[in-house]
Amino acid sequence: MKQTDPHMEDHKQQMKKYWKRNIRTVLILLSIWFLVSFGFGILLAEPLNAIKIGGYKLGFWFAQQGSIFTFVILIFVYVYKMNKLDEAFDVNEK
Amino acid sequence: MDILTWTYILVGLSFALYIGIAIYTRASSTKEFYTAGGGVSPLANGMATAADWMSAASFISMAGIIAFSGYDGSVYLMGWTGGYVLLALLLAPYLRKFGKFTVPDFVGDRYYSNKARVVAVFCALFISFTYVAGQMRGVGIVFSRYLEVDIETGVLIGMTIVFFYAVLGGMKGITYTQVAQYCVLIFAFMVPAIFISIQLTGNPIPQLGLGGTVQDGTYLLDKLDGILVDLGFHQYTSGRKSVADIFAITLALMVGTAGLPHVIVRFFTVPRVKDARLSAGYALVFIAILYTTAPAVAAFGIYNAIDTVAGQPVDDLPEWVENWQKTNLIVVEDLNNDGLVQYLADPEMNELTVDKDIMVLAAPEIAELPNWVVGLVAAGGMAAALSTAAGLLLVISTSVSRDLFRTFVPQMTEKTELIIARSAAAVAVVIAGYFGINPPGFVAEVVAFAFGLAAASFFPVIIMGIFSTRMNKEGAIAGMICGLTFTLGYIIYFKFVYPEANNMDNWWFGISPEGIGSLGMLINFVACYVVSKFTPDPPAHVQEMIQEIRIPRGAGKAQDH
Numbered sequence: 000m001k002q003t004d005p006h007m008e009d010h011k012q013q014m015k016k017y018w019k020r021n022i023r024t025v026l027i028l029l030s031i032w033f034l035v036s037f038g039f040g041i042l043l044a045e046p047l048n049a050i051k052i053g054g055y056k057l058g059f060w061f062a063q064q065g066s067i068f069t070f071v072i073l074i075f076v077y078v079y080k081m082n083k084l085d086e087a088f089d090v091n092e093k
Numbered sequence: 000m001d002i003l004t005w006t007y008i009l010v011g012l013s014f015a016l017y018i019g020i021a022i023y024t025r026a027s028s029t030k031e032f033y034t035a036g037g038g039v040s041p042l043a044n045g046m047a048t049a050a051d052w053m054s055a056a057s058f059i060s061m062a063g064i065i066a067f068s069g070y071d072g073s074v075y076l077m078g079w080t081g082g083y084v085l086l087a088l089l090l091a092p093y094l095r096k097f098g099k100f101t102v103p104d105f106v107g108d109r110y111y112s113n114k115a116r117v118v119a120v121f122c123a124l125f126i127s128f129t130y131v132a133g134q135m136r137g138v139g140i141v142f143s144r145y146l147e148v149d150i151e152t153g154v155l156i157g158m159t160i161v162f163f164y165a166v167l168g169g170m171k172g173i174t175y176t177q178v179a180q181y182c183v184l185i186f187a188f189m190v191p192a193i194f195i196s197i198q199l200t201g202n203p204i205p206q207l208g209l210g211g212t213v214q215d216g217t218y219l220l221d222k223l224d225g226i227l228v229d230l231g232f233h234q235y236t237s238g239r240k241s242v243a244d245i246f247a248i249t250l251a252l253m254v255g256t257a258g259l260p261h262v263i264v265r266f267f268t269v270p271r272v273k274d275a276r277l278s279a280g281y282a283l284v285f286i287a288i289l290y291t292t293a294p295a296v297a298a299f300g301i302y303n304a305i306d307t308v309a310g311q312p313v314d315d316l317p318e319w320v321e322n323w324q325k326t327n328l329i330v331v332e333d334l335n336n337d338g339l340v341q342y343l344a345d346p347e348m349n350e351l352t353v354d355k356d357i358m359v360l361a362a363p364e365i366a367e368l369p370n371w372v373v374g375l376v377a378a379g380g381m382a383a384a385l386s387t388a389a390g391l392l393l394v395i396s397t398s399v400s401r402d403l404f405r406t407f408v409p410q411m412t413e414k415t416e417l418i419i420a421r422s423a424a425a426v427a428v429v430i431a432g433y434f435g436i437n438p439p440g441f442v443a444e445v446v447a448f449a450f451g452l453a454a455a456s457f458f459p460v461i462i463m464g465i466f467s468t469r470m471n472k473e474g475a476i477a478g479m480i481c482g483l484t485f486t487l488g489y490i491i492y493f494k495f496v497y498p499e500a501n502n503m504d505n506w507w508f509g510i511s512p513e514g515i516g517s518l519g520m521l522i523n524f525v526a527c528y529v530v531s532k533f534t535p536d537p538p539a540h541v542q543e544m545i546q547e548i549r550i551p552r553g554a555g556k557a558q559d560h
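If you read the sequences in order, they're chains A and B.
So in numbering that gives the first Met the number 0, the last spot in the first sequence is 93, and the numbers never skip.
So in numbering that gives the first Met the number 0, the last spot in the second sequence is 560, and the numbers never skip.
Note that these hints are calculated values from the structure, not bench results.
Worth double-checking, as some hints may not be accurate.
[Claimed, not checked] Examples of chain A residues toward chain B, derived with CB under 8 angstroms:
1. Glu-8
2. Gly-40
3. Leu-47
4. Ile-50
5. Gly-54
6. Tyr-55
7. Tyr-77
8. Asn-82
9. Glu-86
Here a beta-carbon is modelled for each residue, glycine too, at the ideal position from N, C-alpha and C.
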């Protein structure tokens, strides 16, 4: 006979929700990752080069500087968001 | 003191430091040998990852490649940093929670199959060996250029040092040596960059200097564009490669970075899942310092080289040109006998050939910096090559002792396993050294392709292993084999079978062999998915394991089976 423990079921639902929220965070951050590198740095580099910031053409700046700075920020935002999420769902490590 | 004395002193001191650390932190158990005991702080691990990751190629050659390819060089900048975002968001936390020692460990357990494990071991060994041979060569070159010994002796010295601390220290020794090596290499890279930035643009921050103005008030990049176009070259700030190719190469490098076994294993050394995430962030900060400086060094270097050499009288060239002419890294030939150096895009009339490595190696001399800075750059280049070589050797030895021997001889004692791991590392050092001294013509080529192969083999299988509970062993094996075969086939066809056909007209979708790993990755994903649809679901305990690795709590230190 299969046992159904309401607490277990509840926990399972919670973990499903946790995973969904996790995936959503990752997808949002990855779209930014794609936008700054493949978007601004490659696909849109030509038109963006018409805009200049200081001595930098914008498309060139994204390809050689901006995308890398954004990558760093993305990881730290991820760390922050995930730590909060872990706490909210009580799955954080002590 | 002259350059040679300074070089001996600085390289000697840095070596003494590495060996001292290795003796102090040597490994006594397999756990320490494979994952440094699992107690490394995220900051230290981030630094070690950065040193592990940045090879002789990043330190010595990358700025030069960018200098001569301008915008097209961005593929390396974005490709070799963007991969860390994938690593941090998609791989590191889950692999840390999984808590074993190696990538084939994960593949073998997740896909409940020793066949999958062996395929993964094969991929890991292939990638690591091609890569490590390039590093030993790098060590030899730095030795021969700066210490005036021949390349063979240089490689032998390098082998001895790496042998000493990789074999003795295992992951524990390597981790703490890499922390020291990172400090040496980043200091050595930044000092000349900052000085040159001040000299050229008046701005001490190279990242800002690149967007700054030169003496006559025009922007450096505009001026560079202008000069290069006048000489018949392409504009510095726009690309020659097709957008499709740039896209594919960048993607292959990013995904390949995230799939490289010697980078992934670094995240097994931290205590908790949240440390793995944070550690990836620190690693990228430390890498980004060098990677955002490199494009500045590149532009400064090419500008300086053209400014001080092109159009000058042949008999009155700066001293650094004469110094480096001895090594054939810079060649000046007055073809039309007018007594001036012509630097032109037309190969028939060009009189100045500059090797890409000069941009970093000769930077201190071009900027007329004190001799100790030259010695520092030599020590930095050595640190970059040694740290990467050690990390790769560890992957090789672990693959042999753990993924092969432990899988098929499970009753082996820990002591025996440690002996096998150390012997495997020793054999690997010798093989790598051999290829460093007698490089097969294809080594340099193959290193670039290691990324494509990692992208097409490991990455999809690991991602599916974490994010799909339905993915089964049939799918994974089919995926790895299809991705790897396709990518390898495409590369071999264009690079070795019909090199004359290696041009845009013949490439599929305009993608060069360098970028084909991204297509291989897609094929891998598709093959995984399709095959898994027609074969049974993975067993219940594996599905439970997947649920388990998605949740951070309860990650102990990396465990034995």
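Going through the hints against the structure:
A least Cβ separation of about 14 angstroms between Glu-8 (chain A) and chain B goes past the 8 angstroms threshold, and the interface hint is therefore violated. Given hint, Gly-40 (chain A) at the interface with chain B, holds; its Cβ is 6 angstroms from that chain's nearest Cβ, closer than 8 angstroms. The beta carbon of Leu-47 (chain A) comes no nearer than 11 angstroms to any beta carbon in chain B, farther than 8 angstroms, and the hint placing it at the interface is violated. The beta carbon of Ile-50 (chain A) is not positioned within 8 angstroms of any beta carbon in chain B (closest approach about 13 angstroms), and the interface hint is therefore violated.
Hint on Gly-54 (chain A) holds. Least Cβ distance to chain B is approximately 3 angstroms, under the 8 angstroms limit. Hint status for Tyr-55 (chain A) relative to chain B: holds, with the closest Cβ pair at about 4 angstroms, below 8 angstroms. Here the hint on Tyr-77 (chain A) is kept, as its CB sits about 6 angstroms from the closest CB of chain B, short of 8 angstroms. Nearest Cβ of chain B to the Cβ of Asn-82 (chain A): about 6 angstroms, under the 8 angstroms cut. The hint holds.
Interface hint status for Glu-86 (chain A): violated, as the beta-carbon distance to the closest one in chain B is roughly 10 angstroms, over 8 angstroms.
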